[in-house]
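J.: Single-letter residue listing:
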Amino acid sequence: MSFQRQLDWPSKTGSFAVRRSAMQTAICLLFIVWSNQEITAQISPHSEASGQGHQTTSQKPAGSLADNRLAWPAAADVKRVLLMQDYNTRIVLWGTTTLGLAAGITGTFLLLRKRSLLGDVVGHASLPGVAIAFLIMELREPQSGKWLPGLLIGASISGIAGMVSTVIIRSCTRIKEDAALAITLGAFYGLGIVLFTIIQKLPTGSQAGLGNFIYGNTATITQSEVDLIWRVAIVAIVAAGLLFKEFGLLCFDEQFASSQGWPVVLLDLILMGLVVAVCVIGLRSVGLLLVVALLIIPAASARFWTEKLSHMTFCAAVIGVVSCYVGAVSSALFSRLAAGAVIVLTGSVMFCASLCFGTRRGVLLRWYTRRRLNQRIATQQLLLAIFETVETALLPNPQQALTDVTVTLEDLLPKRSWTAKQLRRSLHEAQKAQYLASHPGRGHRLTAQGGRAAHRAARNHRLWELYLLQHADVAPGHVDRDADRIEQILDPEIISGLESALFKKYPQMAAS
Amino acid sequence: MASESIPPAVTVVPPLSIHDLTVAYQRKPVIWDIDYVAPAGKLVAIVGPNGAGKSTLINAALELIPRASGQVRFFGEPYQKQRHRVGYVPQRESVDWDFPVSALDVVVMGLYRKVGWCLPVLPRHRKTALAALARVGMADYAHRQIRRLSGGQQQRVFLARALVQDADLYLMDEPFTGVDAATERAIVEILRELRALGKTALVVHHDLQTVTEYFDEVILLNMRLVATGSVESVFTTDNLRKTYGGRLMLLENTDRIVGKGTSG
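Going down the list, the protein sequences come from chains A and B. Going left to right, the first sequence walks through residues 15 to 526 as our numbering numbers them. Going left to right, the second sequence walks through residues 3 to 266 as our numbering numbers them.
The set of hints was computed from the structure by calculation and includes no laboratory data. Just so you know, these numbers come straight off a predicted model, no measurement behind them. Note that CB positions come from ideal geometry on N, CA and C, so glycine has one too. Careful: at least some of the hints might be erroneous.
[Said to hold, decoys possible] Reference listing, derived: stretches of chain B covered by chain A, where coverage requires no fewer than 3 residues with Cβ under 8 Å from a Cβ of chain A:
id: 1; segment: 91-100
id: 2; segment: 103-111
id: 3; segment: 116-123
[Claimed, not checked] With a cut-off of at most 25 Å between alpha-carbon atoms, the simulated DSS-like pairs for lysine-lysine come out as follows:
id: 4; chain 1: B; residue 1: K129; chain 2: A; residue 2: K259
id: 5; chain 1: B; residue 1: K116; chain 2: A; residue 2: K259
id: 6; chain 1: B; residue 1: K44; chain 2: B; residue 2: K83
id: 7; chain 1: B; residue 1: K30; chain 2: A; residue 2: K190
id: 8; chain 1: A; residue 1: K322; chain 2: B; residue 2: K116
id: 9; chain 1: A; residue 1: K322; chain 2: B; residue 2: K30
id: 10; chain 1: A; residue 1: K259; chain 2: B; residue 2: K83
Go ahead and model the full structure; you've got the sequences and the hints to work with.
T.: Right, here's the structure in full:
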């Protein structure tokens, strides 16, 4: 966990969700590419999908059962998809990108509410709902089982049921939240798989395509399905936009919100309702295994770039849209590629890029700042050591200046617990900064600039020492020892008091 | 007790009156039959050992946790009706300071009720919030992310968030815990300003040494009320012994703590 803290993950569960989904995506994708044929043969034969007539034109008809290669699309197909010349491509892209937008926005609040894994529970728990809804609709009227609104209502109900069971297990027993999540997730998903196995044994044959809810498939989405998806997405976006400041308050300080009279429970229900809505409409294109990643990855990536909630939400929305766009396009070009996996993989790539290059919390930036700080501290300590050495040397003949004394490596080495190598590196840095002039064979001398810097470093260092002695009651956070900034931190009268004490103790400092 | 100082012709509704308040967590009651009427325009310290139910008292009054029994009135009415006149400063540890908001954003949260449902925060709200930050000496840090503030500065942000509401009664949960000397001075300064404006503050307080210096009234609490009233009459060695029992580490110093009030 210390690794997490170092990297400043937005939250424990968030980081867990991100890593888990990234891993799951990779496995999922490998699995699908490798054995796509079997899955489609089992659950959704391509011939069935092509019967819907709304797939993009670039999609090749499925080959023989032995054919499991990823065929490269022709240049004309690529052009047609990218320029959205095709009506079908356009509607699929529109549906998927609005989904990405909604997921980025709601995911931000889900992450900040520290409920990332609840999205996973909703996703997995929706499986039995899909199956039961299918069965009910088939029983009432054969061949009508794949009506998407019906399936999604089923998914919502069981998704909510999963969420509620988590809450009940957590609050009524002594089982901790993570265990409660694992239990409900597993139980609901297991039930779903059992029901799916039963459905596959049904003689109707209309169950084909239900597997798309597990792995997601954008290529076979129909117009009416897209219409449902984008409408729900827009409702979620508008609701999140209207309740933006309320959700922010809820996520930051629930207790205060409650004391102010905000209906915290209602707000929480609305937020979780939006999460369920996004999860459920994401089932069709991303699949229930990975829908949590679509919620969390954009938000977690966005956190590396900004310290502002509105910017974070915007950034997450953009990342969500880009992921979904790339996923839908590649799914249109490579019919065998699972869109959900590509969407999440794109998100993961953007997450990695954010983690490295993020301008607020990116690893590289932190590494660079730390390195610079360490260098500055090393230089200050070197100057201090040189100053002390020179000061002692000057005591018998005070008419000489700081710059007149030559110091050697051997003089400085016992001053601190540094190795000769570290010291040599610091000396080299100080020479580069023109604080020191090297006199071959004899040692180093401070330059005029270096003399001033060393004097300032010693003065500040000693002032802080005195300050800590005299004002021992201050909070340690107030003291900044790496400080050219002592004047910015302490009041002028405190500094002048400290200075007079300093000159009493070191009369030579007043002179130079 | 306090009502004696108020002329009988003027009927002042007490900012906070608690009757028979009992609060229980899972198994056992935490505070039992609390009766208290807060005098207007005073600074009141809530003092007691750890686990005495100090924060519970405040949270139950604000209906943040359910009450087992009893009645709480703010300015003579239930909390829902007088919410706008009550400011609340929660414990600093109660939130995640890694949240992506600036100090100013946090203070603006105190105005969200005034902004209203679904409406955006306007520049004039930000101006009010900035003024509140300036009052606690934090104007220079308005746009800093809250994690990059020191503990004392974070506490002052919380204080500003309560001040911005312009309430008449303030309930503060351990505002002096873990803050530096500068923040402690700033908070005391604010408390005195509030008192000068005729406002009341109930403050959960840990440092017995400063009770006599900072506060007018004191509530000594240890799951039940030990004593309430003005600092001079109630903050005695005897009462402290009753409140803290054997746990008062500073027992030998209590004479000095208590004495400070009478001498100064």
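J.: Now tell me if each hint is right for this structure.
T.: Hints, one by one, checked against the model:
no. : hint            : in the structure
1   : 91-100          : holds (count 5)
2   : 103-111         : holds (count 5)
3   : 116-123         : holds (count 5)
4   : B:K129 x A:K259 : holds, 17 Å
5   : B:K116 x A:K259 : holds, 13 Å
6   : B:K44 x B:K83   : holds, 22 Å
7   : B:K30 x A:K190  : holds, 22 Å
8   : A:K322 x B:K116 : holds, 22 Å
9   : A:K322 x B:K30  : violated, 43 Å
10  : A:K259 x B:K83  : holds, 23 Å
The structure is inconsistent with hint 9 alone, although it conforms to all the rest.
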